[in-house]
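Engineer: For this one, chain G is given, so just place chain Z with the ligands on it according to the hints.
As a plain string of letters, each chain reads:
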Amino acid sequence: MRRVSLTVNAVEHEAMVEPRQLLVYFLREQLGLTGTNVGCDTSTCGACTILLNGKSVKSCTVLAVQAEGTEVTTIEALAQDGDLHPLQQAFHETHALQCGYCTPGMIMAALDLITNNEDMDEDEIRTGLEGNLCRCTGYHNIVKAIQQASSEMRSFATK
Amino acid sequence: MRAPTIQKRTEQRGGVGESVQRPDGVPKTKGEFAYSSDLWAENMLWGATTRSPHPRARIVSIDTREALATPRVRTVLTHEDVPGRKSYGMEVPDQPVLAWDDVRYQGEAVALVAADHPEAARRAAGRVKIEYEVLEPLVDPETALADGAPALHPSGNVIRHIRIRHGDQEASAEVVVKGDYQVGMQDQAFLGPESGLAIPDGEGGIDLYVSTQWLHIDLDQLAASLDLPPSKVRITLAGVGGAFGAREDLSIQIHCCLLALETGRPVKMMYGREESFFGHVHRHPARLHYEHGAMRDGRLVYVKARIVLDGGAYASSSTAVCANAACFSCGPYNVPNATIDAYAVYTDNPPCGAMRGFGAVQTCFAYESQMDRLAKALDIDPVELRRLNAMDTGATMITGQEVEGPAPVAELLKRVRNAPLPPDGDAMDIRTLPGGVSNTTHGEGVKRGVGYALGFKNIGYSEGFDDFSTARVRLSVVAGEPQVEVHSAASEVGQGVVTVQMQIARTELGVQQVVVLPADTSIGSSGSSSASRQTWMTGGAVKNACEAVRARLLQRAAQRLGKRHGKLTLDGANIVSAGSGSVASISDIVGDDPIEETKEYHHRKTFPLDPRTGQGNAHVAFAFAAHRAVVDVDLDLGLVRVVEMATAQDVGKALNPQAVEGQIEGGIAQGLGLALMEEIQISQGRILNPSFTDYLIPTILDMPPVRADVLELGDPHAPYGLKGVGEPPTISSTPAIVAALRDATGRPLTRVPVRPDDIVGLDGQSG
Ligand code: FES
Ligand code: FES
Chain G
1 MRRVSLTVNA VEHEAMVEPR QLLVYFLREQ LGLTGTNVGC DTSTCGACTI LLNGKSVKSC
61 TVLAVQAEGT EVTTIEALAQ DGDLHPLQQA FHETHALQCG YCTPGMIMAA LDLITNNEDM
121 DEDEIRTGLE GNLCRCTGYH NIVKAIQQAS SEMRSFATK
Chain Z
1 MRAPTIQKRT EQRGGVGESV QRPDGVPKTK GEFAYSSDLW AENMLWGATT RSPHPRARIV
61 SIDTREALAT PRVRTVLTHE DVPGRKSYGM EVPDQPVLAW DDVRYQGEAV ALVAADHPEA
121 ARRAAGRVKI EYEVLEPLVD PETALADGAP ALHPSGNVIR HIRIRHGDQE ASAEVVVKGD
181 YQVGMQDQAF LGPESGLAIP DGEGGIDLYV STQWLHIDLD QLAASLDLPP SKVRITLAGV
241 GGAFGAREDL SIQIHCCLLA LETGRPVKMM YGREESFFGH VHRHPARLHY EHGAMRDGRL
301 VYVKARIVLD GGAYASSSTA VCANAACFSC GPYNVPNATI DAYAVYTDNP PCGAMRGFGA
361 VQTCFAYESQ MDRLAKALDI DPVELRRLNA MDTGATMITG QEVEGPAPVA ELLKRVRNAP
421 LPPDGDAMDI RTLPGGVSNT THGEGVKRGV GYALGFKNIG YSEGFDDFST ARVRLSVVAG
481 EPQVEVHSAA SEVGQGVVTV QMQIARTELG VQQVVVLPAD TSIGSSGSSS ASRQTWMTGG
541 AVKNACEAVR ARLLQRAAQR LGKRHGKLTL DGANIVSAGS GSVASISDIV GDDPIEETKE
601 YHHRKTFPLD PRTGQGNAHV AFAFAAHRAV VDVDLDLGLV RVVEMATAQD VGKALNPQAV
661 EGQIEGGIAQ GLGLALMEEI QISQGRILNP SFTDYLIPTI LDMPPVRADV LELGDPHAPY
721 GLKGVGEPPT ISSTPAIVAA LRDATGRPLT RVPVRPDDIV GLDGQSG
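Line order of the protein sequences matches chains G and Z. Residues in the first sequence are numbered from 1 upward in steps of one, following the working numbering. Residues in the second sequence are numbered from 1 upward in steps of one, following the working numbering.
Any given hint could be a false lead.
As the list claims (entries may be wrong) - Example chain G residues on the side facing chain Z (calculated, C-beta under 10 Å, incomplete):
#1 H13
#2 A15
#3 E18
#4 L33
#5 D41
#6 T74
#7 F91
#8 E93
#9 A96
#10 L129
#11 G131
What the hints assert, rightly or not - Here are the computed distance ranges between Cβ atoms for each label pair:
#12 G131/G / R163/Z: 46 to 52 Å
#13 P19/G / G126/Z: 17 to 23 Å
#14 T42/G / V437/Z: 20 to 26 Å
#15 Q513/Z / E14/G: 44 to 50 Å
#16 G131/G / E600/Z: 45 to 51 Å
Derived from the structure by calculation, the hints contain no laboratory data. Built from N, CA and C at the ideal position, the CB exists for glycine as well.
Chain G extracted, bound-state conformation (with noise of 0.2 Å):
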């Protein structure tokens, strides 16, 4: 067993974990925040995205041991005070979602996307969302929920 220490949703965090744990097994069973899912194990399909230091990885792709001294966010954090944050209510809204499976993962990737990227296109949405899979909807109506959160918080942003 290791020690790590880390911060998970601005909260600190110190734990004793097996050297081979995934953070995604870390999160989701030591500390319960099951929102991350799992879906692949092959870091395929971006069930389990989630930023680690405001990067978008896939949490099966990392040893909880690695995330020593890191910031990892989950869905869990996104909504402030009951509030929906623009890219859950986009997805809400706009049917971006069947099972939902997929819908955590793709809302954190889209996150860093719509984070450091202004004013994409469809395209560069698209590409910037190649690694995370969805089997239900066809991925139109994620696209529509990224363009519209995207314009919402840039909105938001310049007011």
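Structural biologist: Frame of chain G, contents of chain Z with the ligands only:
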């Protein structure tokens, strides 16, 4: 009586026909929605499964001692520990809960372990010592069908043979085209692998929380194998991460309950992606031989087909898939004479069963490929040939059944034909070219193709099955406001059946506040979320229950208010009479005495197919769709980019247009997957690609824009006239894409998924 609190008639929102937002959208976007994989119970154990590495073998012995001695392991179970029926199955109970004498496919479950930790459970599962006498697997369905083949099951190797003999069996035609086609094994590849949690109640009973498509068929099979009265088995639907047919058969259900009952502790089971590939059935691979005969003017004279579906090791829903393949084998066309033989066959390959489109997918690829081949032989435009033969209302199916509802086949075709074509690709932007940013071409060698296909399928269960759904509706007053509670056992698998139940209750009772309770087995069956039937069937049951509640409400109002108002009706949340206008509100009449009704909905009666001729009114209704695919193909490398999909579909009535659109787009994505990339690769009965690294599903870059034209023609037999929506998008999208590829390449392309090798001509077929 108090003075009536008449509410102003407000436009009632969120009813049938509106794009109502799904109530689970908020928890799902917040990561708060509890999928079956998220469940947790105090003191719970983890279950794991020991599976056969061999596609075919005889079990000589099973030694569980080492597994049991593994630290933190609580129990190890084998077939001897199954107290009730040792095998299960939806239609034929032929699949062992845990194998005892033979294993018939790679990945068959042989033993179970429960431990304090998932790793410990998995490790111990690997320590169950099973001695096998390995046998040569029988993997070719034609060999399995042949005389003298070793029988894989006591009943032989034919799960079902459907024989259709329609019209003149000697009919002759002026032009004849023949073809052989193949469809690979597709996986449903839902994103959330199988999982669930079983909790023993301490009195011999069990509660199971699981993701499934049909709670009550799980219940029946569980009760039989656990040897418990059904009242001792309670199942609640946990959050479902997609289904597409793969959750119709059991996966963890019996196993998890056996472990929990044995240890007296809650047990959770959760497959990883690799195990998921072995833990559920797949779409039947098919080989199809077709012969079409037509007159010179293009009118079809006959179709002859031999269809062989590889059912794999166990029956699953093969019998029904086989019937569908046969019934819809000629497409939505007027075919006066048909000679069809469809077989579902046992082999030592992975078991196959339900997947979106259910038998109609495989034959649609073949008959639409044949229609293109015929068009070429006749030198007729492929769209014109289809129009010429298109079914319409009143047409006779090859099963002798008359198509009663709307069958706007020619209209759907016309709409996709007339949809504007997408602009040419931009050679300057490599992202828009086949190969994309791999930078494999700058436009050289790239050719565009356009292809069309039509498809159709039954809605609901067929062949005389008395299918039904049950719903309970309760109207009460909460904090002064009327509220409706709806309860059914319908599985929300992502398709939106919870939203639709809310919408129906709003429309029928005029009440804004509607709560849909979790689906469980404390109410009667709702049947399966499959066959594009759930909105029709459970929607029908909710509507029936609402109507019964409304009748009692008005009856009660008439009693309270006396005769002076004449006939009363419900308008929004107000009770009105023709003479006096609003006379009371729902809240006034309901007060603190809620009105509750439980009703079933049964669809109209269907009948079996005649075993000799395959004739009979076997189906409730039919749904039709048309697709046009536009593709760009790199002729040198065999790479493909689907540029656009246009579709037209008659949905009868779109209860929730946004959800309908979602079904169409998602269904097309799965059809595209089958056309271009999705196949479980099998060699000698072994799966070579049980992972998302090697089994590819369409990404966001593979999915083209979709131009969807939704018709609402109203089925006379359905609630609100609705038809199912889920499956048609998957059926004809595949052949449309392949037709477009043929248009671009001139190659025969008789097998899906189409591989780059086939496109560049390495498949050994002449162009
Ligand atoms: S679970 Fe991490 S990418 Fe699929
Ligand atoms: S909504 Fe089901 S996987 Fe995306």
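Engineer: The structure should be examined with respect to each hint, and the outcome stated for every one.
Structural biologist: Hints and how they fare:
no.	hint	result
1	H13	violated (18 Å)
2	A15	violated (16 Å)
3	E18	holds (8 Å)
4	L33	holds (8 Å)
5	D41	holds (5 Å)
6	T74	holds (7 Å)
7	F91	holds (5 Å)
8	E93	holds (6 Å)
9	A96	holds (9 Å)
10	L129	holds (5 Å)
11	G131	holds (8 Å)
12	G131/G / R163/Z: 46 to 52 Å	holds (49 Å)
13	P19/G / G126/Z: 17 to 23 Å	holds (21 Å)
14	T42/G / V437/Z: 20 to 26 Å	holds (22 Å)
15	Q513/Z / E14/G: 44 to 50 Å	holds (46 Å)
16	G131/G / E600/Z: 45 to 51 Å	holds (46 Å)
In this structure, the earlier hints numbered 1, 2 are contradicted, and the remaining ones agree with it.
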